[in-house]
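Take the sequences, apply the hints, and build the full model.
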Amino acid sequence: MIQEYLVASNIADALTLKRNNARSVWFAGGTEINRMGGTVDAKVGIALKGLGLDQIVDEGPVIRIGAMVSLQALIDSPLVPQWLKDAGHYCGSYTRRHMATIGGNLALMSDHSFLAPALLASRCTLVTANVTEGGAYSEDEVPVREYYTYYKQHATTLLLAILLPKDKRYVGSRRYALSVQNRSAATVAFGAMMGEALVISHVRIVAAIHGSGVQRLTDVENAIESGELSSREDVQLAVSQALEAVDDFVGSREYKRYIAAEGIGQLFGEFLKGGAR
Amino acid sequence: MSTITLTVNNKRHRVEAVGNRTLRSVLVELGYRSVRDSDDGEGFVGSDTVLVNDVPVYANLTLAVQVDGAEIRTAESLGTSRNLNAVQQAMVDSGVVQSAYNAPAAALLLTWLLEKHPEPTREQVREVLSGLFIRDSGYEQFYTAVQLASEWMKSGAYQSEIAPSFRDHLTYVGKAKGKVDGPVLVAGEPAFVEDRVLPGYYSLVVLRSPHAHAYIKSIDISEALKVEGVETIITHENCPDVYYMQAGQSNPEPSPHDRRLLNQKVRHVGDRVAAIVAETEAQAIEARDKIKVEYEVLKPIFTVEEAMADGAVRIHNGIVEYRSGEPAGLDEYNKDADPRDGKVVYMFPLHGDIRRNIASAARGQIGDVEKGFADADTVIERTYQTTQIQCTPLEPHICYARIEGGRLVLNASTQVPFHVRRIVGWVCEIPENKIRVIKERVGGGYGSKQDVLVEDLVGYATWITGKPVFYRNTREEEFIANSTRHPMRVTVKMGAKKDGTITAVEMDVRANTGPYGNHCLTVPMNACSKTLPLLAVDNMKFQVITYYSNIAPTGAYQGYGAPKGSYALMTCMAELANEIGVDYYQMAMKNKVETGYMLEILRGLGEGREGNVVPVGSCGLEESLVRGAEMIEWGKKVEGASGEWKVGKGFAMIQQGSGLPGLDHGNAWAKLLSDGTFQIFSGGADIGTGLDTVTAKMISEAFCVPLDRVTVTSGDTDSCTFDTGAFASSGTYFAGGASFKAAEDLRRNLLSEAALQMEEEVDDLSLREPGEVYSTKTGKTLSYADLSHTALSGTGRGQVMGTGSFTTLHNSIPYGAHFAQVAVNTRTGQVKVQKFYALQDAGTPINPELALGQLYGAALKSIGHTLYENMILDGEGRCVNANFTGYGVPMISEVPEDFKSVLIDVNDEVGPYGAKSISEIATNGAAPAIAIAIFDAVGVWMRSWPFTPEKILRELGKIQ
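Just so you know, the sequences run in chain order A and B.
Take any residue in the first sequence, note its place counting from 1, add 10, and you have its number in the working numbering.
Take any residue in the second sequence, note its place counting from 1, add 2, and you have its number in the working numbering.
Cβ pair distances, simulated, as ranges:
id, chain 1, residue 1, chain 2, residue 2, range
1, A, S19, B, R198, 42 to 48 Å
2, A, E280, B, G959, 23 to 29 Å
3, A, L208, B, K156, 53 to 59 Å
4, A, T228, B, E899, 38 to 44 Å
5, B, S162, A, G279, 41 to 47 Å
6, A, G279, B, G33, 53 to 59 Å
Derived pair list, reagent style SDA-like, types lysine to any residue, alpha-carbon separation capped at 20 Å:
id, chain 1, residue 1, chain 2, residue 2
7, A, K95, B, E129
8, B, K960, A, R263
9, A, K283, A, A207
10, A, K53, B, E18
11, A, K53, B, V20
12, A, K59, B, V54
13, B, K13, B, V57
14, B, K960, A, S250
15, A, K283, B, E646
16, A, K59, B, N55
17, B, K118, A, S87
18, B, K219, B, K292
19, B, K834, A, S189
20, A, K59, B, T9
21, A, K59, B, D56
22, A, K59, B, E73
23, B, K648, A, Q276
24, A, K95, B, R128
25, B, K960, A, R242
26, B, K118, B, D56
27, B, K960, A, S262
28, B, K953, A, R263
29, A, K59, B, V57
30, B, K953, A, S250
31, A, K178, A, G284
32, B, K648, B, L958
33, B, K953, A, S262
34, A, K95, B, E125
35, A, K59, B, R23
36, A, K53, A, A165
37, A, K59, B, V20
38, B, K953, A, E264
39, B, K118, A, D86
40, B, K953, B, V942
These are calculated hints, taken from the structure and not from any lab test.
For glycine and all other residues, C-beta sits at the position ideal for the given N, C-alpha and C.
What follows is the structure in structure tokens.
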């Protein structure tokens with residue numbers, strides 16, 4: 011539970027506050043930090059409100075989405091692609107969607123994340139900020155896959171924005187839960203590009219599996235890109251074999267693997283039919 | 003500590019806010035009490051919804067420091083109970099304001115929506131309400147409320163119909179007139195227990211068992227008592243040696259007295275170990291953490307099968323006593339009792355055998371079942387399993403008690419104020435005249451507040467300390483230390499001729515009562531008594547056995563045992579129809595009861611004694627079936643949206659009761675006030691269902707006066723007369739019946755007084771608007787005010803009053819049929835309820851708009867039980883989904899695409915103005931209707947609820 015809430019005057023100040031406060035966390039919408047039974051254990055929250063991170067801007071080749079943009083703002087924006095709006099809707103509560111942010115949801119990288127699978131499948135880029143011990147401020151553009159791989163090491167990094175490329179790329183996701191606001195067993199996403207001669211490239215397959223975290227299935231991605239896997243059935247089988255899952259109250263290991271594979275199979279089938287969107 | 007500034011409803015405040023202080027706590031302290039808490043900050047239920055800078059947020063999920071400088075809007079900004087805004091008024095008028103714990107939040111959200119979109123679409127309404135959990139009235143009538151509000155805001159009048167109207171010759175009964183307590187509730191004004199708590203109260207917290215089954219070897223409270231502010235700590239070592247049960251039922255109870263306030267043996271995770279009373283909650287929690295307990299952990303058991311097994315560990319192994327009907331050989335039976343287990347005291351024999359974990363048992367039959375099966379062309383036997391379901395009232399169990407004038411006064415959120423008084427009296431060992439129970443508005447009960455789960459402890463703590471004590475369950479405690487729906491295994495054997503005539507039915511019910519025997523006989527009996535009488539079958543037999551185990555406690559839940567019995571009996575009937583190749587609808591029509599059919603089966607289905615055999619009275623079953631079949635186009639196959647979606651249809655016949663004939667009792671009294679207005683005192687407990695409105699209408703209708711000329715006082719044990727309580731669908735029928743009789747008695751007395759004052763004959767007098775006595779012979783009139791004034795003058799004959807007492811042996815059974823159309827995805831196992839039509843005969847619906855809301859709410863609740871809800875325990879007995887997100891209640895997203903409730907117009911011969919009950923019955927249809935529809939869609943029988951996608955995939959062979 012947060013005991014202290016620090017308001018930064020600007021981004022550099024926020025980074026300094028973070029560096030100077032042990033057991034501090036970035037405080038975006040607060041829906042996880044403040045939640046009963048929340049997973050975030052911290053004493054100090056560094057508020058990101060008021061830092062100008064709540065804008066969605068068309069920057070030509072990319073759409074820049076500030077980390078503090080709420081899930082509802084994503085849904086309401088004409089600039090945001092449908093696949094991301096769909097993922098925003100996985101948060102079933104309108105009220106909560108007004109509070110939760112894209113940056114917060116991605117940074118949690120939880121096993122029931124609404125957005126992480128879709129964002130990872132999109133091959134988006136993240137704009138991050140850091141400050142060195144000496145106080146030097148820097149901003150970087152980090153591929154989302156790198157953030158995913160090293161997200162624990164990114165704990166002191168401030169996520170400023172998500173850059174969505176305007177490439178002709180398919181991205182789709184599916185969420186499986188008993189009811190809209192019940193904890194999900196699996197949220198899966200598939201992203202890829204279809205080139206000339208129907209060459210499939212830049213495949214991303216991601217699944218948030220309850221109890222087993224967010225998983226990127228690189229072997230399956232590679233097998234699709236190489237043409238080794240070309241049918242929906244083959245992809246489903248490969249996914250179900252590659253996924254890690256455990257039995258818990260949300261569902262059995264077998265069910266989670268089945269349903270995640272089914273979801274990715276559906277998305278792959280949709281991709282093959284439509285190519286890109 | 004930091005100081006923040008916020009503007010609430012245009013009023014500026016400066017408050018101190020430590021880092022973790024929530025916005026809700028600040029708002030409540032500032033007096034904005036409409037911002038309530040249902041989920042301890044889970045961000046799910048939405049009772050804490052406010053607008054921050056014109057955006058909806060959960061105040062309990064927001065730190066106060068987050069809103070420094072913000073503009074806040076709460077429901078207090080909308081309107082007061084005396085001046086509601088258009089949305090609040092439309093909510094009351096449409097019938098969605100029932101238990102209403104988060105009605106103010108809904109009013110705020112919908113007002114905000116209408117300010118932005120004066121004519122919102124259904125989708126917009128659905129979106130805005132998606133963050134609110136509504137358990138009582140479902141969601142459907144919110145669309146009506148928004149439509150009405152929109153119309154009013156545009157033209158100053160409603161164009162749409164609110165609800166159907168019944169009985170043209172009546173003015174108030176059968177008409178949508180709004181709920182009399184609706185304005186206070188929707189405005190968020192003080193109404194609930196928490197609103198009555200005065201500064202200076204002491205907090206009570208409970209130390210709960212981490213083990214499902216254990217003896218307390220030692221408990222050391224010495225360090226805890228040293229914590230500053232601690233007033234007392236109650237344990238099994240210093241609590242009264244009084245055995246009782248927490249079920250608020252008839253007295254003597256058909257439940258064993260198998261517990262004390264605290265026991266040396268804990269029997270479920272969350273069982274009471276110690277109760278700490280301190281000046282502040284923080285002090286009480288600090289003391290709780292310093293209590294040292296040494297347990298002797300025992301093997302737990304969680305299922306009926308484990309409890310039945312030879313050599314199974316005994317959940318209760320103490321001394322057994324009987325207050326009457328002691329069986330032979332009891333001394334021998336008690337020889338190997340363990341004193342650490344305490345006692346189990348039966349008020350009368352329930353055929354329990356605690357050494358075999360049997361809390362109670364019963365059996366009975368009519369006709370010759372074996373002959374019936376022999377006469378059948380086909381006989382099938384199927385077993386159906388149901389799971390443990392939580393009531394999830396939005397207002398958790400809560401109690402505030404204090405000493406006033408040497409008496410113990412409890413403000414309670416209860417369905418049974420008079421049983422609370424009796425049971426608290428037992429525990430405190432004080433007579434009933436020393437106790438006053440005031441039932442406040444109840445923010446959802448659904449059966450769980452029929453049980454005296456917190457009042458016993460709070461009452462005792464107050465009585466021994468003399469301090470005002472406040473207690474409120476956390477949401478987790480609601481899950482682990484509360485009443486829930488009994489898990490059951492129901493086996494049905496059924497035989498039929500080739501033409502669909504059922505020749506015999508046998509039901510075997512094995513119920514899991516958990517650690518204590520609340521309702522252990524009556525809930526499983528109800529699985530038979532509220533289902534078998536639907537069938538005109540000569541040969542029927544039943545057996546019920548209830549077992550102790552170490553699951554979380556069970557008890558009453560809306561529908562009682564009927565939803566489980568109905569699921570098993572109706573689904574088995576559909577399975578049999580399928581086996582013999584007869585259309586299930588035709589089979590239902592062939593075997594259903596109708597008016598005049600003698601219900602012999604009831605003889606064996608009394609609650610612990612012989613039941614009354616009566617014929618079927620008013621009965622809308624056939625019309626429900628016929629109209630429902632037309633609505634859903636029974637027999638017409640519907641194609642799914644794509645190849646993987648398959649569509650099917652199903653239905654179930656349903657019934658319940660209208661209270662318990664021969665057991666329930668309603669009392670009321672009424673008086674004419676000196677200005678010609680009325681006050682009526684009803685023992686009945688309005689738990690949000692509109693019972694007070696029923697009560698008021700009894701006076702309004704009898705005296706031709708508007709509802710605002712009638713004041714209802716109910717549920718106060720000091721001023722009201724005894725009532726058995728709001729359970730078993732008894733409210734309208736019994737409490738309403740008593741109010742009807744009190745009004746009639748008052749009418750007789752008023753006419754008698756008028757005859758004297760007017761020097762007329764009573765037979766020449768009638769009552770008419772606007773509140774006067776009229777002589778049809780002379781044309782003279784006498785206003786009620788003048789009549790009362792004269793009666794109360796020094797030479798008058800005193801206050802005009804009336805009393806009513808209602809009991810009956812008659813069974814006014816409500817009937818109905820629920821129809822479902824589902825789409826099942828054969829690849830994902832997903833089930834979508836596309837259509838759900840709930841058709842029910844409620845006799846005369848006295849409050850038709852509220853009756854519809856009851857129907858929608860109960861039907862959606864049962865859809866939730868059927869598809870989503872399930873308390874899941876781990877191997878140690880810990881509930882692993884003891885929160886809303888993990889548990890999975892239906893929200894507005896889960897409402898069927900086409901959801902209709904239809905009130906079948908049948909007049910009852912006994913109920914007040916022809917009324918029967920409405921709400922409980924509506925929990926009985928969804929499980930069988932949806933199970934049968936799933937079979938129709940994809941050809942698999944779902945014999946275990948909830949019907950999760952995983953289970954469907956297993957049945958389809960997609961996963962092993």
